[in-house]
Structure formats: structure tokens, C-alpha cells
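The primary structure of each chain is shown beneath.
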Amino acid sequence: MIMRFIHKLGSPPYFYQFSGRLLPWLSGICLILFAYGLYGGLVLAPTDYQQGDSFRIIYIHVPAAWLSLFVYMVMAFSGAVALIWRIKITEIILINSAHIGAAFTFLALITGSIWGKPMWGTWWVWDARLTSELLLLFLYLGIIALYSAIDDKRKAARAVAILALVGVVNIPIIHYSVEWWSTLHQGPTVTKFDKPSIDTRMLIPLLVMAFAYKFLYAIVVLLRARNDVLWRERRSQWVTALFDGSK
Amino acid sequence: MDSFSNFIHMGGYAGYVWTSYGIALVIFVWSVVSPIIQKRQLIKRIKSIVQDEQG
Numbered sequence: 001m002i003m004r005f006i007h008k009l010g011s012p013p014y015f016y017q018f019s020g021r022l023l024p025w026l027s028g029i030c031l032i033l034f035a036y037g038l039y040g041g042l043v044l045a046p047t048d049y050q051q052g053d054s055f056r057i058i059y060i061h062v063p064a065a066w067l068s069l070f071v072y073m074v075m076a077f078s079g080a081v082a083l084i085w086r087i088k089i090t091e092i093i094l095i096n097s098a099h100i101g102a103a104f105t106f107l108a109l110i111t112g113s114i115w116g117k118p119m120w121g122t123w124w125v126w127d128a129r130l131t132s133e134l135l136l137l138f139l140y141l142g143i144i145a146l147y148s149a150i151d152d153k154r155k156a157a158r159a160v161a162i163l164a165l166v167g168v169v170n171i172p173i174i175h176y177s178v179e180w181w182s183t184l185h186q187g188p189t190v191t192k193f194d195k196p197s198i199d200t201r202m203l204i205p206l207l208v209m210a211f212a213y214k215f216l217y218a219i220v221v222l223l224r225a226r227n228d229v230l231w232r233e234r235r236s237q238w239v240t241a242l243f244d245g246s247k
Numbered sequence: 001m002d003s004f005s006n007f008i009h010m011g012g013y014a015g016y017v018w019t020s021y022g023i024a025l026v027i028f029v030w031s032v033v034s035p036i037i038q039k040r041q042l043i044k045r046i047k048s049i050v051q052d053e054q055g
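Protein chains in written order, with the numbering used here: chain A, 1 to 247; chain B, 1 to 55.
FYI, nobody ran anything at the bench for these hints, they're computed from the structure. Where a beta carbon is used, it is the ideal one built from N, C-alpha and C, also for glycine. Don't take each hint at face value.
[Stated by the list, open to error] Facing chain A, a subset of chain B residues (Cβ under 8 Å, in silico):
| no. | residue |
| --- | --- |
| 1 | 4 |
| 2 | 5 |
| 3 | 8 |
| 4 | 12 |
| 5 | 24 |
| 6 | 31 |
| 7 | 35 |
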């Protein structure tokens with residue numbers, strides 16, 4: 001049942017139609033989540049007793065950092081599927097995820113830097129967390145560069161899929177870096193196995209923002225993938241039929 | 001009004017906080033708008049291909 005659905009999604013016209021119907025819903029939910037997350041984070045959440053109001057950068061920074069890892073895992077998974085089953089849609093998801101992942105990794109790094117200045121007294125330290133996250137940015141950029149360097153896009157997709165899979169090794173390093181090496185970066189406050197060491201009025205907007213970011217990623221990856229599908233299939237009948245009537 | 005200026009002031013961290021939110025806003029808007037603009041251009045190109053082929 002699920003496999004049949006995935007197989008159907010692999011067909012470009014069905015993917016185009018299905019994603020088109022999905023997008024308004026995703027956009028609506030995403031806007032509601034952002035509205036609530038921002039209100040909760042900027043207004044409802046109390047001021048931090050150590051960091052003052054500077055901690056409010058957390059609502060931009062942490063969801064961006066989580067998303068940078070999440071997008072990488074989606075990308076590597078698409079790469080694996082693309083290598084094994086040669087489904088075109090997964091190749092398209094893979095390369096478009098790299099662009100979005102790079103943007104959010106950049107956002108995580110720059111907001112972390114802006115947060116670090118007042119809290120640590122420095123914009124940057126070469127510790128394990130920051131360095132491995134910077135490496136993630138270079139991985140994304142490397143994937144984008146490799147893809148654009150190879151003219152045959154099917155071959156390009158296979159090459160970047162392999163690079164994406166090799167780069168997965170960096171993901172646990174980023175995640176555990178604050179536990180394995182002592183550093184300026186604060187330890188995990190949310191993903192600890194015992195109770196999170198954060199006030200629920202601070203925590204709930206953070207989780208809501210994390211979901212809002214994931215919906216934003218879904219929206220952007222679908223928008224971008226739909227463009228690629230249209231262009232790759234421009235000579236096929238279903239695409240010409242879409243634009244034929246509106247001459 | 002006083003609470004609003006407190007809100008903008010962010011306990012003295014206004015520059016750091018609002019710069020972060022501003023950069024995020026720019027990245028969000030660009031992420032969503034750029035594929036929409038690209039789609040318009042794509043549709044134009046595809047339409048001209050369709051018309052060319054139909055003579």
C-alpha cells in the first residue's frame with residue numbers, strides 16, 4: 001500500500017498534481033506555526049535569568065541547526081533511494097534539498113555567531129560543534145558544485161548521492177560534539193533523555209518553531225522540485241497539455 | 001506603548017536579536033519567492049517551445 005503510493009509519487013505528472021494540492025495546506029499550517037512560535041518566543045516566554053533577552057535568538061538558531069541536520073538526512077535518504085531504484089523524483093529532491101540545507105546551515109552559523117558575541121565574548125571559536133557545522137555547510141556547497149559540474153544530470157545525481165552518503169558520517173559528530181568535547185557551546189537542553197532543563201514556556205515555542213521550519217522546508221523543496229519536474233518533462237505530453245489551452 | 005518600546009529594546013540585546021530575526025526573514029522570503037519567480041520564467045519558455053512546435 002505504502003510502497004504503491006511511493007511508486008505512484010515517482011511518476012512526474014502524479015507528483016506534480018499531488019504536490020500542487022498539498023502546497024496550500026502546508027502553507028497554511030506553516031503560517032500558523034510561525035505566528036504562534038514567534039509570539040510565544042518573543043512575547044510569552046520569560047526572560048532568561050542568565051542570558052537576558054539575548055536567549056530569544058534560540059528560536060531562530062536552534063530550529064535552523066536542527067533543520068540543517070534533518071535536511072541532510074532527507075537528502076542522504078533520497079540519495080540512497082536514487083542510487084538503488086533510479087527514481088528521478090528522488091534525484092530532484094536530493095539536489096534541491098542541498099540548496100535549502102545550505103541556506104539553513106548558513107542561518108544556523110550566522111545566528112550562532114551573533115548569539116555568541118554577547119554571551120561568549122567572541123563571534124567564533126574553532127570548537128567541535130561550530131567546526132563540524134561549518135563542514136556541513138561545505139558538504140552542501142560541495143554537493144551543489146559537483147552537481148552543476150557534471151552535464152549529464154542523471155550521472156550528476158548519482159555522483160552527488162554518493163557524496164551525500166559519505167557525508168552522513170558528519171551528522172553524529174555534529175550532534176554529539178557538545179558531549180564528546182568540552183566547549184563554549186552550551187550542552188543540549190532539549191534532547192536529553194531526562195526532563196529537558198528548560199522552562200515549558202520557553203520550550204513550547206521552540207518546538208513549534210522547529211515544526212514551522214520543517215513545514216517551510218517541505219514547501220520550498222516542493223516548489224523547487226515542481227519547477228525541475230516541469231523543465232525536465234517539458235517535451236512530454238502532460239506538460240504541453242498544461243500550457244496548450246492558455247495560448 | 002512603554003511595553004512596546006521595552007519589547008523593541010530586548011533588554012539591551014536589540015541589535016543581536018533583531019539582526020538574527022532579520023537575516024532569518026530574508027532567507028525565508030528568498031527561499032519561497034525565488035522558485036515562484038523561476039516558475040513564471042519556466043512557463044514562458046515552455047509556452048514558447050509549445051508554440052514553436054505547433055508552427
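Cross-check of the supplied hints:
no., hint, verdict
1, 4, "violated (11 Å)"
2, 5, "violated (13 Å)"
3, 8, "violated (11 Å)"
4, 12, "holds (7 Å)"
5, 24, "holds (5 Å)"
6, 31, "holds (5 Å)"
7, 35, "holds (4 Å)"
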